[in-house]
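Using the sequences and the hints, build the whole thing.
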Amino acid sequence: MIQLEGVTKHYPRSNRPSVEDINVFIDKGEFVFFIGPTGAGKSTIIKLLLREEVPDKGKIAVGDIDVTKLRRWKVPAYRRSIGCVFQDFRLLPNRTAAENVAFALEVIGKPRSVARRVVPEVLELVGLGGKEHRYPHELSGGEQQRVAVARAFVNRPLLLLADEPTGNLDPDTSIEIMRLLDRISRTGTTIVMVTHDSNIVNQMRRRVIEVENGQIVRDQSRGVYG
Amino acid sequence: MRAKYVMSEVFLGLWRNISMTIAMIITMAVSLTMLGSALLLYNQVDVIEEYYQTSLEVVIYLDPEIDEETTAQIESELNQSELVARTEFESKDDAWDRFQDTFKDSPDLVKTVNADQLPAAFRVKMEDIDKAPELIAQFQERDGVYQATNQKQILQQVFDILGGAQKLTLVVALVQGVAALMLIANTIQVAAYSRRREVAIMKLVGAPNWFVQAPFVLEAVFAGIIGALFAFGTLVAAKFLVIDGQFENLFSLMPKIEMSAVLMLLPILAGISAVISAVTAWITLRFNIKV
Chain U
1 MIQLEGVTKH YPRSNRPSVE DINVFIDKGE FVFFIGPTGA GKSTIIKLLL
51 REEVPDKGKI AVGDIDVTKL RRWKVPAYRR SIGCVFQDFR LLPNRTAAEN
101 VAFALEVIGK PRSVARRVVP EVLELVGLGG KEHRYPHELS GGEQQRVAVA
151 RAFVNRPLLL LADEPTGNLD PDTSIEIMRL LDRISRTGTT IVMVTHDSNI
201 VNQMRRRVIE VENGQIVRDQ SRGVYG
Chain Y
1 MRAKYVMSEV FLGLWRNISM TIAMIITMAV SLTMLGSALL LYNQVDVIEE
51 YYQTSLEVVI YLDPEIDEET TAQIESELNQ SELVARTEFE SKDDAWDRFQ
101 DTFKDSPDLV KTVNADQLPA AFRVKMEDID KAPELIAQFQ ERDGVYQATN
151 QKQILQQVFD ILGGAQKLTL VVALVQGVAA LMLIANTIQV AAYSRRREVA
201 IMKLVGAPNW FVQAPFVLEA VFAGIIGALF AFGTLVAAKF LVIDGQFENL
251 FSLMPKIEMS AVLMLLPILA GISAVISAVT AWITLRFNIK V
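Protein chains in written order, with UniProt numbering: chain U, 1 to 226; chain Y, 1 to 291.
Calculated directly from the structure, the hints in this document are not laboratory data. Among these hints, one or two may not hold up.
[What the hints assert, rightly or not] Below, a list of computed lysine-lysine pairs in the DSS-like style, where the Cα atoms sit at most 30 angstroms apart:
#1 Y:K125 with Y:K203
#2 Y:K125 with Y:K92
#3 U:K110 with U:K74
#4 U:K74 with U:K131
#5 U:K57 with U:K69
#6 U:K28 with Y:K203
#7 U:K59 with Y:K167
#8 Y:K239 with Y:K125
#9 U:K47 with Y:K203
#10 U:K59 with U:K74
#11 U:K57 with U:K28
#12 U:K110 with U:K28
#13 Y:K256 with Y:K167
#14 U:K59 with U:K69
#15 U:K57 with Y:K125
#16 Y:K256 with Y:K131
#17 U:K110 with U:K131
#18 U:K69 with Y:K290
#19 U:K74 with U:K47
#20 Y:K290 with Y:K152
#21 Y:K92 with Y:K111
#22 U:K57 with Y:K203
#23 Y:K290 with U:K59
#24 Y:K4 with U:K74
#25 U:K131 with Y:K203
#26 Y:K4 with U:K131
#27 Y:K125 with Y:K152
#28 Y:K111 with U:K110
#29 U:K69 with Y:K203
#30 Y:K167 with Y:K239
#31 U:K47 with Y:K152
#32 U:K74 with Y:K203
#33 U:K74 with Y:K290
#34 Y:K131 with Y:K152
#35 U:K110 with Y:K203
#36 U:K110 with Y:K4
Have a look at this one:
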């Protein structure tokens with residue numbers, strides 16, 4: 001599903017974390033944690049997978065797409081096959097939960113009838129049935145992140161990227177979000193999650209890739225935070 | 001559905017930043033008014049030239065002491081010339097009549113002149129008025145000729161004035177145009193900043209680039225077209241109030257600026273303004289919204 005071959009990315013003019021010669025293969029349907037200290041380069045890997053950044057060297061392939069050779073105008077179509085969740089939720093404050101999810105369908109040109117059918121389904125799936133018409137500020141942090149997960153999942157992507165999705169949540173809520181991601185993982189969706197929440201990593205017992213100073217120092221299936 | 005979203009974003013964007021929007025429209029309107037005036041003047045020079053082309057003459061004034069024989073010689077020489085289409089003799093009496101008629105509103109001026117002071121003349125219609133200097137060169141130094149004048153030269157001064165006015169309006173249009181473009185760029189930057197959340201999410205979920213950019217580009221195009229409408233309104237008002245109104249007498253010597261010429265400006269100004277605004281917005285976006 002995901003293949004990183006000798007991927008190197010430096011930021012000569014800023015102190016954003018760089019990565020050096022990253023080699024990873026992730027199978028379809030896998031659930032992978034990227035862990036490591038702040039500034040190790042975990043989020044850079046997410047940016048590279050999203051094609052927000054292009055590597056200086058190496059090759060990135062997602063599915064049958066060579067991301068490094070992707071033309072600019074093909075990037076939007078590529079991103080539609082990827083769902084994304086972030087620490088800060090990134091919801092539109094002036095839209096309800098349902099509208100936030102529908103927005104993702106709207107802007108890629110899906111007809112309204114599709115949104116009407118799919119949005120309640122996916123909100124039910126993330127456990128927000130009955131709260132469709134609440135605005136983000138009327139929802140708790142955990143519920144807002146559920147909306148974000150619903151939006152990421154509404155197009156049934158093959159790959160879900162989660163950049164510290166529990167970073168702003170308390171431990172109990174974090175566990176609920178992890179259960180949700182686990183459910184999504186069981187549908188066959190590949191999940192790549194960046195985190196430094198050791199509790200979660202230790203409880204989930206999934207593959208753990210540890211990054212330090214831009215390099216992979218550990219790659220362990222059914223690993224712990226260590 | 002998407003069109004509705006884009007349109008609502010366009011108006012929201014313009015409204016959210018209303019002072020900048022108004023500034024953008026005013027500058028745009030001033031610039032386009034100047035550009036429109038320049039185009040009208042350009043067109044008017046052609047119209048005037050065409051209008052006078054058929055009525056312009058070379059006038060050969062004769063010496064007051066000329067005898068009838070020399071007058072007849074000059075007339076036959078003129079009639080033989082290939083450059084000349086037609087000659088018409090204007091005697092001293094005819095000249096006096098014409099003078100009195102031309103200045104009938106200024107009896108004081110007429111009183112200071114008496115019939116004897118006005119020379120007789122040949123009024124010569126040319127085959128081609130542009131060859132007037134040749135004919136004048138032939139006759140200027142001839143015995144019995146007091147002076148040979150080319151009416152085209154007098155008209156040339158009018159053209160020079162119009163040309164000067166045209167250059168001035170073009171310079172103002174250009175300077176205002178640059179200001180308008182900078183305001184557009186600034187407005188787009190502010191709009192991109194205030195919509196950064198939406199833009200980030202749209203890019204994340206894979207909205208096509210044209211869709212992400214459309215609200216911004218249309219915002220600029222909309223302001224540009226409103227600016228063009230104001231400019232057009234100003235020009236129409238100028239035609240009725242200034243040219244047909246206040247300065248009617250001043251313009252009575254030359255053909256009027258036709259309403260059709262003013263109407264033609266609407267699509268031209270709107271088109272130019274829309275395209276330039278769109279391009280400016282699009283270029284600004286390339287620096288402000290990274291894919």
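Unsatisfied constraints (hint numbers, rising) | Numbers 1, 4, 7, 8, 15, 20, 28, 31, in rising order.
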